[in-house]
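There are 2 protein chains.
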Amino acid sequence: MLHPQLCSKDARISARRDQIIAAARLCFRKHGFHGAGMAEIAKTSQLSVGQIYRYFANKDAIIEEIVRRIVMKKIRLMTGNAHNLQQVAHNLAHRRIGNLSAPYKEDQCIEQKEQAEIDHALMLEVAAEATRNPIVEKIWRDSEKQLFSEAKSLLSATFPQFSEAEMTAKVESLAVICEGTAFRRMTTVHADAEHLEALYNRYFQDLFGTDLTTSKLE
Amino acid sequence: MLHPQLCSKDARISARRDQIIAAARLCFRKHGFHGAGMAEIAKTSQLSVGQIYRYFANKDAIIEEIVRRIVMKKIRLMTGNAHNLQQVAHNLAHRRIGNLSAPYKEDQCIEQKEQAEIDHALMLEVAAEATRNPIVEKIWRDSEKQLFSEAKSLLSATFPQFSEAEMTAKVESLAVICEGTAFRRMTTVHADAEHLEALYNRYFQDLFGTDLTTSKLE
Chain A
1 MLHPQLCSKD
11 ARISARRDQI
21 IAAARLCFRK
31 HGFHGAGMAE
41 IAKTSQLSVG
51 QIYRYFANKD
61 AIIEEIVRRI
71 VMKKIRLMTG
81 NAHNLQQVAH
91 NLAHRRIGNL
101 SAPYKEDQCI
111 EQKEQAEIDH
121 ALMLEVAAEA
131 TRNPIVEKIW
141 RDSEKQLFSE
151 AKSLLSATFP
161 QFSEAEMTAK
171 VESLAVICEG
181 TAFRRMTTVH
191 ADAEHLEALY
201 NRYFQDLFGT
211 DLTTSKLE
Chain B
1 MLHPQLCSKD
11 ARISARRDQI
21 IAAARLCFRK
31 HGFHGAGMAE
41 IAKTSQLSVG
51 QIYRYFANKD
61 AIIEEIVRRI
71 VMKKIRLMTG
81 NAHNLQQVAH
91 NLAHRRIGNL
101 SAPYKEDQCI
111 EQKEQAEIDH
121 ALMLEVAAEA
131 TRNPIVEKIW
141 RDSEKQLFSE
151 AKSLLSATFP
161 QFSEAEMTAK
171 VESLAVICEG
181 TAFRRMTTVH
191 ADAEHLEALY
201 NRYFQDLFGT
211 DLTTSKLE
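Sequence lines, in order, name chains A and B.
If you number the first sequence the way UniProt numbering does, the last residue is 218 and the count never jumps.
If you number the second sequence the way UniProt numbering does, the last residue is 218 and the count never jumps.
Check the hints yourself; a few may be wrong.
Any copy, or any two copies together, can satisfy a pair, since identical chains are not distinguished.
Stated by the list, open to error - EDC-like, lysine to aspartate or glutamate: derived pairs with alpha carbons at most 20 Å apart: (1) Lys-152 with Asp-192; (2) Lys-30 with Asp-60; (3) Lys-30 with Glu-65; (4) Lys-138 with Glu-117; (5) Lys-138 with Glu-150; (6) Lys-59 with Glu-137; (7) Lys-145 with Glu-40; (8) Lys-152 with Glu-164; (9) Lys-145 with Glu-166; (10) Lys-152 with Glu-197; (11) Lys-43 with Asp-60; (12) Lys-145 with Asp-192; (13) Lys-74 with Asp-142; (14) Lys-152 with Glu-194; (15) Lys-73 with Glu-114; (16) Lys-43 with Asp-206; (17) Lys-43 with Glu-111.
In case anyone wonders, no lab produced these hints; they're calculated from the structure.
All of these numbers come straight from a predicted model, not from anything done at the bench.
Sequences and hints are given; from them, build the entire structure.
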């Protein structure tokens with residue numbers, strides 16, 4: 001058992017970091033990484049700038065922690081459901097990002113949806129910033145590596161018949177479709193979801209060699 | 001024939017606008033839309049802030065013109081080549097963005113490549129900014145609509161056998177893959193290009209119902 005004092009100190013540090021991250025998410029969301037300075041983050045989190053620096057060395061460290069948490073969330077959401085490709089096709093066709101492999105619930109709490117929107121906007125910000133800031137580029141690359149490897153091991157467990165190289169290409173292709181869909185989230189919807197879903201279902205069937213319509217019913 | 005004086009005035013206006021756009025591209029690239037102000041754009045273009053406002057009402061108008069030019073370039077590059085889907089599959093698998101449907105030339109001039117990189121970074125910036133600025137969101141949506149409709153009419157001319165709804169879904173799916181690939185441009189290359197190219201070729205064959213390997217040789 002941990003020493004009680006240590007426990008409460010850890011809990012305090014953790015609560016302070018949460019408070020700063022929540023404030024920084026809002027600030028970055030509103031003004032971008034460049035527009036939001038440490039002073040604004042401090043003000044929004046109701047702490048002094050000095051206090052912020054006790055928990056994060058600089059703005060990049062805050063960005064890193066934000067991305068780390070988004071990736072953790074994505075991995076948690078994928079786990080145990082990544083093989084439900086028919087659900088993935090359905091959600092992609094309806095441009096439902098966030099938890100791609102879970103059935104969409106209309107009554108999903110509004111805060112969850114809002115947080116998913118903020119996650120998405122922040123990841124776009126990360127991608128744009130990565131083109132000019134090598135530290136953010138590294139954060140972005142590392143987070144992608146972790147997500148990719150997690151998705152690959154989940155899919156490999158369900159479809160063990162493919163070679164390493166084959167599975168890697170399939171996961172890359174899936175990642176391209178997921179991220180392309182998320183990227184196009186704000187563009188006009190041209191296609192109707194039924195036609196698009198049929199195309200994705202056929203492609204995923206070709207990718208993984210099973211009739212997904214049947215396997216879902218098993 | 002235009003009046004010579006009018007001609008030279010038009011030419012001067014056009015040259016000034018080009019000068020400002022070139023400077024703004026560099027500034028936005030370096031510091032993002034928020035980080036780069038009119039003063040910096042003026043300095044980089046060796047004009048006064050007052051002069052800049054004679055050609056563009058505000059920063060959003062400059063962003064709009066930058067996006068308009070990128071879209072024009074993309075449409076020009078697509079034209080006459082959009083049906084070469086085997087080339088598209090090859091370039092996507094090698095993450096060659098820019099002129100997706102043209103054979104890749106190693107000796108393509110460096111400046112062209114650099115400009116394509118800047119175009120890509122600026123479009124990421126536009127996407128991120130669109131999540132918080134309704135004017136930029138509109139610029140982004142309008143430009144996408146124009147590109148989408150151009151791609152659809154080019155592909156419809158080559159593959160007239162599909163209904164409107166079918167073709168729209170196919171073009172959406174292609175757009176998702178193109179933009180997802182561009183978005184992932186800076187992530188680690190996990191898959192080998194040959195496997196990925198084979199997957200895309202099979203998918204495009206399924207989409208357009210022809211053996212692309214044969215049709216290329218026609």
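Quick rundown of the hints versus the structure:
In this assembly of identical chains, the alpha carbons of Lys-152 and Asp-192 lie at most 20 Å apart only when taken from different copies (15 Å versus 30 Å within one copy). With identical chains, the CA atoms of Lys-30 and Asp-60 are at most 20 Å apart both within one copy (17 Å) and between copies (17 Å). Within a single copy, Lys-30 and Glu-65 get their C-alpha atoms as close as 18 Å, which meets the 20 Å cut-off; across copies the closest is 24 Å, which misses it. Taking identical chains as interchangeable, the C-alpha atoms of Lys-138 and Glu-117 lie at most 20 Å apart only when they sit on different chains, with a minimum of 18 Å there against 23 Å within one chain.
Within a single copy, Lys-138 and Glu-150 get their C-alpha atoms as close as 18 Å, which meets the 20 Å cut-off; across copies the closest is 36 Å, which misses it. Proximity of Lys-59 to Glu-137 under the C-alpha cut-off of 20 Å is restricted to the intra-copy arrangement: shortest distance 14 Å within a copy versus 27 Å between copies. In this homomeric assembly, Lys-145 and Glu-40 never come within 20 Å of each other (Cα to Cα): the closest approach is 32 Å inside a single copy and 37 Å across copies. For the identical chains of this complex, Lys-152 and Glu-164 are intra-copy neighbours only, at 9 Å inside a copy versus 36 Å across copies, given an alpha-carbon limit of 20 Å.
Only within a single protomer do Lys-145 and Glu-166 lie at most 20 Å apart by alpha-carbon distance; the minimum there is 17 Å, versus 35 Å between protomers. Taking identical chains as interchangeable, the C-alpha atoms of Lys-152 and Glu-197 lie at most 20 Å apart only when they sit on different chains, with a minimum of 19 Å there against 23 Å within one chain. With identical chains, the CA atoms of Lys-43 and Asp-60 are at most 20 Å apart within one copy only, with a shortest distance of 18 Å there and 29 Å across copies. In this homomeric assembly, Lys-145 and Asp-192 come within 20 Å of each other (Cα to Cα) only across copies, at 15 Å, whereas the closest approach inside a single copy is 33 Å.
Taking identical chains as interchangeable, the C-alpha atoms of Lys-74 and Asp-142 lie at most 20 Å apart only when both belong to the same chain, with a minimum of 14 Å there against 31 Å between chains. Taking the closest pair of Cα atoms, Lys-152 and Glu-194 come within 20 Å of each other only across two copies (19 Å); inside a single copy the shortest separation is 28 Å, beyond that limit. Proximity of Lys-73 to Glu-114 under the C-alpha cut-off of 20 Å is restricted to the intra-copy arrangement: shortest distance 14 Å within a copy versus 36 Å between copies. When the C-alpha separation of Lys-43 and Asp-206 is checked against a cutoff of 20 Å, the pair qualifies neither within a copy, at 53 Å, nor between copies, at 55 Å.
Taking CA atoms no more than 20 Å apart as the test, Lys-43 paired with Glu-111 passes in neither setting, with 23 Å inside one copy and 44 Å between copies.
Hint compliance for this structure: hints 7, 16 and 17 are not met, and every other hint is.
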